[in-house]
Amino acid sequence: MRVLYLIKPGELTLKGKNRKFFEDRLQASIRRKLEGIPYKLSNRSGRMYIEVDEQCAPEVDRCLRTTPGIAGFAPAVECEKDSIHLVQEALALGDRVLKKGRGKRFKVEARREDKSFPLTSYEIACTLGAELQKQYPELIVDLHRPDWTLYVEIRDKGYLYVDSERGLRGLPVGTSGRGILLLSGGIDSPVAGFLMGIRGMVIEAVYFHSPPYTGEQALKKVESLSECLAQIAGFFTLHIVPFTDIQVAIRERGVWDEATLMNRAAMMKIASRIAQKRKAHCLITGESLGQVASQTVQSIGFTNRFSDIPVLRPLIGMDKEWIMEKAREIGTYEISILPYEDCCSLFSPPHPITRPNPSILQGHWENLGIEELLERALENMERRTFTYRK
Amino acid sequence: MKYLYLDWAATSPIHPEVAKVQKKVAEEVVGNPSSIHTWGMEARDLLESCRAKCARLLGAKEKQVLFTAGGSESNNLVFTSFLLKASPGHAIVPFFEHASVYEPSRILERFGWEVTRIPAGMDGRIEPERIGEALRKNTALVALMLVNNETGAIQPVGDVVRMIRNHGTDQRPIHIHVDAVQGVGKIPVNFQELGVDSLSVSGHKFRGPRGVGILLVRKPLSSILTGGGQEYGMRPGTENVPGIAALTRALELAVEGMEKNRLQAERTLQTLLARLRKCPQCRLLPEARWNNPSGYSPYIVSLSFPPVPGEVLVRVMNERGYGVSTGSACSSRKKRDTRVLEASGVTSSIAFSSIRVSIGPTVTEEQIEEFADVLLKETAILFQVAK
Chain A
1 MRVLYLIKPG ELTLKGKNRK FFEDRLQASI RRKLEGIPYK LSNRSGRMYI EVDEQCAPEV
61 DRCLRTTPGI AGFAPAVECE KDSIHLVQEA LALGDRVLKK GRGKRFKVEA RREDKSFPLT
121 SYEIACTLGA ELQKQYPELI VDLHRPDWTL YVEIRDKGYL YVDSERGLRG LPVGTSGRGI
181 LLLSGGIDSP VAGFLMGIRG MVIEAVYFHS PPYTGEQALK KVESLSECLA QIAGFFTLHI
241 VPFTDIQVAI RERGVWDEAT LMNRAAMMKI ASRIAQKRKA HCLITGESLG QVASQTVQSI
301 GFTNRFSDIP VLRPLIGMDK EWIMEKAREI GTYEISILPY EDCCSLFSPP HPITRPNPSI
361 LQGHWENLGI EELLERALEN MERRTFTYRK
Chain B
1 MKYLYLDWAA TSPIHPEVAK VQKKVAEEVV GNPSSIHTWG MEARDLLESC RAKCARLLGA
61 KEKQVLFTAG GSESNNLVFT SFLLKASPGH AIVPFFEHAS VYEPSRILER FGWEVTRIPA
121 GMDGRIEPER IGEALRKNTA LVALMLVNNE TGAIQPVGDV VRMIRNHGTD QRPIHIHVDA
181 VQGVGKIPVN FQELGVDSLS VSGHKFRGPR GVGILLVRKP LSSILTGGGQ EYGMRPGTEN
241 VPGIAALTRA LELAVEGMEK NRLQAERTLQ TLLARLRKCP QCRLLPEARW NNPSGYSPYI
301 VSLSFPPVPG EVLVRVMNER GYGVSTGSAC SSRKKRDTRV LEASGVTSSI AFSSIRVSIG
361 PTVTEEQIEE FADVLLKETA ILFQVAK
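Line by line, the protein sequences are chains A and B. According to the working numbering, the first sequence is numbered sequentially starting from 1. According to the working numbering, the second sequence is numbered sequentially starting from 1.
There's no promise every hint is true.
Okay, derived cross-link-like pairs now, DMTMM-like style, lysine to aspartate or glutamate, Cα gap no bigger than 25 Å in a straight line [said to hold, decoys possible]:
{"#": "1", "chain 1": "B", "residue 1": "Lys377", "chain 2": "A", "residue 2": "Glu216"}
{"#": "2", "chain 1": "B", "residue 1": "Lys23", "chain 2": "B", "residue 2": "Glu48"}
{"#": "3", "chain 1": "A", "residue 1": "Lys220", "chain 2": "B", "residue 2": "Glu62"}
{"#": "4", "chain 1": "B", "residue 1": "Lys53", "chain 2": "B", "residue 2": "Glu252"}
{"#": "5", "chain 1": "B", "residue 1": "Lys377", "chain 2": "A", "residue 2": "Asp245"}
No lab work stands behind these hints: they were computed from the structure.
Given these sequences and hints, build the entire structure.
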């Protein structure tokens, strides 16, 4: 049996002349994820449709759930645009819902894109509602708190579906440029990457690895997070930068209480160099104002100097609870809380400064003389790619 | 690069002869000991002869030997049997016990038991008087490990038993459980002479296979496990005959070679400590061990190089080909758990910087010298970083 998915694109409807660009990107990201599965994808009158064999429906389901740019979707039935067929399909859907035990309170919502259809939206809803009640007297119309809703859309044809799944919303991947995410292994940075990912940005990540001060497990954790994030776009690139020598040099040559900020500065500098190479438009961090010493506005003011492109901080105003909740929702929380540290205690001063004077620290930075080490780290960088799990 | 395994307290490399026994029995003795045909009887005979040998080697009666899946299971069997008592009572459990004793004691608490937890003295050993002070009218269970798995401290089990037994006569008998996992095969263990009520043994700590152990019980326990009634109904499930045969052989070999191996381990350990003494930042845990080496197992030693995190040192040494660990293997995958060391008189920052070196009969003095040199070289670099 074939299943027809009706897909409601997200904010695309707000777009004017470049709407086609957004639609094309959405189609491309769906196609990337459904590679290898036989399906038919079409785009007509404001909706996208995927027709697929029933046994492949779970894959389509997962694809639609994980792809940005989709407001909602539902398996729908398609029929001729006349009352007889609409009623017939509505009754069949009603029967299925009742058999599933979804409850007796319902409503019908109609939408008439094709204005030549003789009934108004309101009249369609009334007609179908009445017919349903006539056939199944146990049904009760409840416009405010229905157990389920029958949606009817009159477009090139009639489409009916019961309830719809929420999509990720946002914008299709590839419509908002490219960003380099500073990915640690903690709870925040994957969430920051996710949020920018669903705004349509292609995300690549950079991880700063300091063996033997941080272990292979910490790197594996970042790889698991990368795999998780790869599910949004369908692909993900992770750059692994060897950071040990830089960290050791900062520890040895710098002021102890400034070590965290100097490390952050070095990371920003390397990340912005990677961005340049990868033609990315911005950096993304998981910073949240005041969360730790390096995330006070003064500290951010200092580290921000080390990037010559915009640094997006989607979590800046979010509190930890909110971030943790989001991390659970997107499935990165369980990975992030694994106990493998991303920074060894040997490099974390017990009393890091929180209100740096940028010009003094700038001087200290220059005294460190680690430019060459940054260069070498970039040369020895490794790259790993992750793809969508079929 | 040379590789040297120094994590014998986590698990020891199986003895080649033991591995041969396991393979041979797995291939040749195919029956289920509960079956009454020839194959079954053959397996039953082998099982019972193993039981008899183990009983003899551990100073127990045959009926007191239960084969289990290892030390953790043996410890759990004892603790969970107390859940079946008519009413909850009181238990005494030192803080430094292995997780497979410590965690079951928390389960008792969930079921209304009161548990008194006792820290060790500065030397990592329990003071018997502390247990005496904790005894109550309703004390039903006292647990005490024989050899601590992180410090190597040998606990005064004999003294504790004598003290408990002399504690008064009008009380219900107190069950004394000994986790002897790090002791059996390395120091003499005689169940009868110890006078305890139950004792746990794990095969893989003395070059036997993993996944098989023994629980010695003076009297039958009630077990929350039920099934086909194997192991006197206390540990149901088809017996792991190849594992049991291999464990028995490993125990024989360990007991035979005990004295020779112990002397060698002592020499090896002395060599290690003599070298490490040159490094002022190196701490022996607990410090009291310097003055009383005989109170500790020569097979296990905990060292600390503050402020270098133990975990970092483990990774550095791993890269140089040495397998050492941070504390108990069961807990080092979790966020660093320093409960055992902290309960043995070690401060948390020093415990955080600790590593455990544990050796076995194949580790030579020459190898340990090389290890000590590499360790000193690497820690010197790390100290440079830590300033």
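Now for the hints, and whether the structure bears them out:
1. The straight-line distance between the Cα atoms of lysine 377(B) and glutamate 216(A) is roughly 23 Å, inside the 25 Å bound, and the hint therefore holds.
2. Annotation: proposed proximity of lysine 23(B) to glutamate 48(B) holds, straight-line Cα distance about 19 Å (limit 25 Å).
3. Pair hint lysine 220(A) plus glutamate 62(B) does not hold up; C-alpha atoms about 49 Å apart against a cutoff of 25 Å.
4. For a cut-off of 25 Å, the pair hint linking lysine 53(B) to glutamate 252(B) stands: about 8 Å separates their Cα positions.
5. Distance restraint check for lysine 377(B) and aspartate 245(A): the Cα-Cα separation of roughly 18 Å lies within the 25 Å cut-off, and the hinted pair is therefore satisfied.
Checked against the numbered hints above, the structure breaks only hint 3 and satisfies the rest.
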